[in-house]
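In order, the protein sequences belong to chains A and B.
Just so you know, the numbering used here puts 301 at position 301 of the first sequence, and the rest follows in order with no gaps.
Just so you know, the numbering used here puts 66 at position 66 of the second sequence, and the rest follows in order with no gaps.
Keep in mind that the hints were calculated from the coordinates and are not lab data.
Warning: the hint list may mix true and false statements.
Just so you know, same-sequence chains aren't split out, so a pair can sit in one copy or run between any two.
Calculated lysine-lysine pairs in the DSBU-like style (CA-CA distance at most 30 Å, straight line) [unchecked claim]: (1) Lys156 to Lys373; (2) Lys156 to Lys450; (3) Lys245 to Lys195; (4) Lys35 to Lys415; (5) Lys260 to Lys206; (6) Lys340 to Lys260; (7) Lys373 to Lys199; (8) Lys156 to Lys106; (9) Lys361 to Lys340; (10) Lys353 to Lys199; (11) Lys415 to Lys39; (12) Lys353 to Lys39; (13) Lys119 to Lys5; (14) Lys260 to Lys403; (15) Lys195 to Lys447; (16) Lys106 to Lys260; (17) Lys35 to Lys419; (18) Lys245 to Lys156; (19) Lys373 to Lys57; (20) Lys181 to Lys260.
None of these values were measured; they are calculated from a predicted model.
2 protein chains.
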Amino acid sequence: MDIAKINNLIENHELKVAVFGTGRIGLPTALMYAKAGYKTIGVDINENLIRDLRNKKTFIDEPGLPEILSEVIDRNLIEFTIDFEYAIKNSNVMIICVPTPVNQNKIPIFTAIEDVAKKIGILLRKDQIVINESSVSPTTIETLIIPIIEQNSNLKINDDFGVCSCPERADPGNIVDNWDKVARIVGGSSDDVGKMIVKLYHNISKAEIVQVSTPGTANAVKLTENIFRDVNIALMNEFAVLYEKLGIDVKEVIRGSSTKYNFQPHYPGPGVGGPCLPANSYYIIKDAINVDYIPFMIRVAREINDRMPAVVMELIQNALNFTHKSLKGSIITVLGLSYKANIKDVQISPALKVIQLLNEKQANIQIWDPYYKGENVLGYPVGNSLEESLQNTDCIVVLTDHKEFYDIDLKKIQKNMQKTVVLVDSRNIYEISNLPQNIVYCGVGRKIRKI
Amino acid sequence: MDIAKINNLIENHELKVAVFGTGRIGLPTALMYAKAGYKTIGVDINENLIRDLRNKKTFIDEPGLPEILSEVIDRNLIEFTIDFEYAIKNSNVMIICVPTPVNQNKIPIFTAIEDVAKKIGILLRKDQIVINESSVSPTTIETLIIPIIEQNSNLKINDDFGVCSCPERADPGNIVDNWDKVARIVGGSSDDVGKMIVKLYHNISKAEIVQVSTPGTANAVKLTENIFRDVNIALMNEFAVLYEKLGIDVKEVIRGSSTKYNFQPHYPGPGVGGPCLPANSYYIIKDAINVDYIPFMIRVAREINDRMPAVVMELIQNALNFTHKSLKGSIITVLGLSYKANIKDVQISPALKVIQLLNEKQANIQIWDPYYKGENVLGYPVGNSLEESLQNTDCIVVLTDHKEFYDIDLKKIQKNMQKTVVLVDSRNIYEISNLPQNIVYCGVGRKIRKI
Numbered sequence: 001m002d003i004a005k006i007n008n009l010i011e012n013h014e015l016k017v018a019v020f021g022t023g024r025i026g027l028p029t030a031l032m033y034a035k036a037g038y039k040t041i042g043v044d045i046n047e048n049l050i051r052d053l054r055n056k057k058t059f060i061d062e063p064g065l066p067e068i069l070s071e072v073i074d075r076n077l078i079e080f081t082i083d084f085e086y087a088i089k090n091s092n093v094m095i096i097c098v099p100t101p102v103n104q105n106k107i108p109i110f111t112a113i114e115d116v117a118k119k120i121g122i123l124l125r126k127d128q129i130v131i132n133e134s135s136v137s138p139t140t141i142e143t144l145i146i147p148i149i150e151q152n153s154n155l156k157i158n159d160d161f162g163v164c165s166c167p168e169r170a171d172p173g174n175i176v177d178n179w180d181k182v183a184r185i186v187g188g189s190s191d192d193v194g195k196m197i198v199k200l201y202h203n204i205s206k207a208e209i210v211q212v213s214t215p216g217t218a219n220a221v222k223l224t225e226n227i228f229r230d231v232n233i234a235l236m237n238e239f240a241v242l243y244e245k246l247g248i249d250v251k252e253v254i255r256g257s258s259t260k261y262n263f264q265p266h267y268p269g270p271g272v273g274g275p276c277l278p279a280n281s282y283y284i285i286k287d288a289i290n291v292d293y294i295p296f297m298i299r300v301a302r303e304i305n306d307r308m309p310a311v312v313m314e315l316i317q318n319a320l321n322f323t324h325k326s327l328k329g330s331i332i333t334v335l336g337l338s339y340k341a342n343i344k345d346v347q348i349s350p351a352l353k354v355i356q357l358l359n360e361k362q363a364n365i366q367i368w369d370p371y372y373k374g375e376n377v378l379g380y381p382v383g384n385s386l387e388e389s390l391q392n393t394d395c396i397v398v399l400t401d402h403k404e405f406y407d408i409d410l411k412k413i414q415k416n417m418q419k420t421v422v423l424v425d426s427r428n429i430y431e432i433s434n435l436p437q438n439i440v441y442c443g444v445g446r447k448i449r450k451i
Numbered sequence: 001m002d003i004a005k006i007n008n009l010i011e012n013h014e015l016k017v018a019v020f021g022t023g024r025i026g027l028p029t030a031l032m033y034a035k036a037g038y039k040t041i042g043v044d045i046n047e048n049l050i051r052d053l054r055n056k057k058t059f060i061d062e063p064g065l066p067e068i069l070s071e072v073i074d075r076n077l078i079e080f081t082i083d084f085e086y087a088i089k090n091s092n093v094m095i096i097c098v099p100t101p102v103n104q105n106k107i108p109i110f111t112a113i114e115d116v117a118k119k120i121g122i123l124l125r126k127d128q129i130v131i132n133e134s135s136v137s138p139t140t141i142e143t144l145i146i147p148i149i150e151q152n153s154n155l156k157i158n159d160d161f162g163v164c165s166c167p168e169r170a171d172p173g174n175i176v177d178n179w180d181k182v183a184r185i186v187g188g189s190s191d192d193v194g195k196m197i198v199k200l201y202h203n204i205s206k207a208e209i210v211q212v213s214t215p216g217t218a219n220a221v222k223l224t225e226n227i228f229r230d231v232n233i234a235l236m237n238e239f240a241v242l243y244e245k246l247g248i249d250v251k252e253v254i255r256g257s258s259t260k261y262n263f264q265p266h267y268p269g270p271g272v273g274g275p276c277l278p279a280n281s282y283y284i285i286k287d288a289i290n291v292d293y294i295p296f297m298i299r300v301a302r303e304i305n306d307r308m309p310a311v312v313m314e315l316i317q318n319a320l321n322f323t324h325k326s327l328k329g330s331i332i333t334v335l336g337l338s339y340k341a342n343i344k345d346v347q348i349s350p351a352l353k354v355i356q357l358l359n360e361k362q363a364n365i366q367i368w369d370p371y372y373k374g375e376n377v378l379g380y381p382v383g384n385s386l387e388e389s390l391q392n393t394d395c396i397v398v399l400t401d402h403k404e405f406y407d408i409d410l411k412k413i414q415k416n417m418q419k420t421v422v423l424v425d426s427r428n429i430y431e432i433s434n435l436p437q438n439i440v441y442c443g444v445g446r447k448i449r450k451i
């Protein structure tokens, strides 16, 4: 492999880049390469998506992204296509950013990345580099992707081509802003390939670029940091359920513990959603099973977080019971659909799970989420205003901690309502001391009380 | 209860303080009260301890502590006694700092604090305040200690006397230095009692003093922050064992993950020791069982950490096996006895567990720990120097990450040794790239290799 040649292309900004997958990770990645002055091709199997992108339209609700899309199209730095062959033939570096979800049985599905690897393998030329940004298990690149490319290309890793892991570490809602701030982890199929890709990322990001020894190590880094979050949220969920039984307010406890220098707060809630956290643990579990090892903690954390919608259901039933009502026939106002605050994204959102459970119990559901105003989300209509969703409600359930919900005037709601306001605050966003008189309130880890 | 009177005593530094238990927590606490100008009585059941303290001698190896002990004795601000009656009769505030260990079956033993509470109860006067600094489960103060005091005194909580939790948050080795830095958590039997004790602590510490709503909440804060550590160390131990099987270096992974803004590093090792962490989880488990709740994560974390000495034994056997040796008859050099770095303390130290297991397998053990030079620790003699403990060794096992061990000249050891150096680094303190040629090396989460 001619490392010097590729290094030259990087330095002279003559390197051509193809990004496979133009979704929430692939599109920002492609745009950042283009913005840095590299001729970039965005590739996807979704024709409508590609047509929209050519017309400067994107469904991805990331601050700053539409402006960059428009700019790099105008500057002729990016093109979008469904033609994989064209993209592979016209690029030096190929970046894979495809979904790697888990199925209903929690089995990781890596077929999208396998498909791209196979297509790349068939057309691969000497001195091309493949970078994977998709989240995969630590062994995936070395034991699955590199063999697929070698078999389909008849070329040899490191002698003829290079492979690198540079797992995305994006924070949805802050992807553009974080681009120059959050360090990237690079693990190459050889030390030379790694060094080269470090150089490349230095050209597109001002953030720290950290080289690790192998692609698998880079993926392990990504999974470790996300599983750290999943486990710590699970721990706080475990504490929340226990402290509620002991009559202790979990929010007060976490606030207290946060004054200790070596404590990092995480918060209980209705569960853990999004494309990464609920799936990443299962990648590790998959690799662990292959070496006859059961990662108990990681597994238990998943179970705890997955059961939180059921815990919220119990809170709702208890709160209604407090006012002599059943779920069946009651009007439940759901506040928030997104899996995290201040973004428009319902991927694996625990709110959807709670709504499904409410539906099974024949509750009447009224939804308000300012990010989905007037839309229909997976069959559920979202109201046009907070006021509309509160009409005749028997119980308000906060499922997302959107900033808009903190400022809701509970006193006014209480005043306008003909009946007792019942509030189930699964994100513990309200201060008990600020709640209006006569409201029935509970949270995850906060016992039910009439104020 | 005459809150105004006690507040006056606090402000005028006329308050008299008795501290029950003059060990690792009680002694510094008593000294700090005395140093702040409050007449203080240190009480213990151990006559020898009290005699030593009167002679300005302490076994507690805390930087700065002997100087303060000497100073407050000279200034006549402190006295030490085994006479509980004298202490109770001559104090306004009584602080309990006694051990609350778990027994061999992991059952929390709160008899020491119960005993003190009973003695206090029998002699209690109106307007006295009891503060507990000992680690206990969240329900202990409200459901065990206050009732014991009420029954024995025939006085009524809050009407006649006050109780407060202010759990110690000491970091052994840094207790004096942290006194004015680490926030304290105060939960009183009433809001007034809490406020008063906040005022008191402001007079003896420059740190933030945080009032929480109940004594149980204060204890929950303490347990939550320690269990957070136990769980995260367990998670890294789980990752370590898995990554070693996958051929990935856990230290490299943790270093990589630490570049993410929301990741807090914890480190794998031979287990978790000390008086707090291994016990605190069982306090929570005890309270949880009483309300029919099983905290799976907290329990699993304990199991993982408790099994780490067995993991280290496996590493030692594998490393010896690499050089065709059995444990039986081999000379094993143990580096480090303390449960944590840079302190002299072997309470529940995983090093002792590893030594016990080595002993069972009839290995010949040579120990070096600079903090126990030439001493006999639980029947094991500690050498007089590193060199002495290395004589004819077959395997060096690092069990504590004392700063002295980082600088060991492995190259020189390798040169002087007639055989291959085998190094089991259970704290992963050495950089692989700095290891001398021909050494056989492994760590917790770092696969065995001959360099």
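Hint check, failures only:
Violated hints: 1, 4, 7, 8, 10, 11, 12, 17; rest satisfied.
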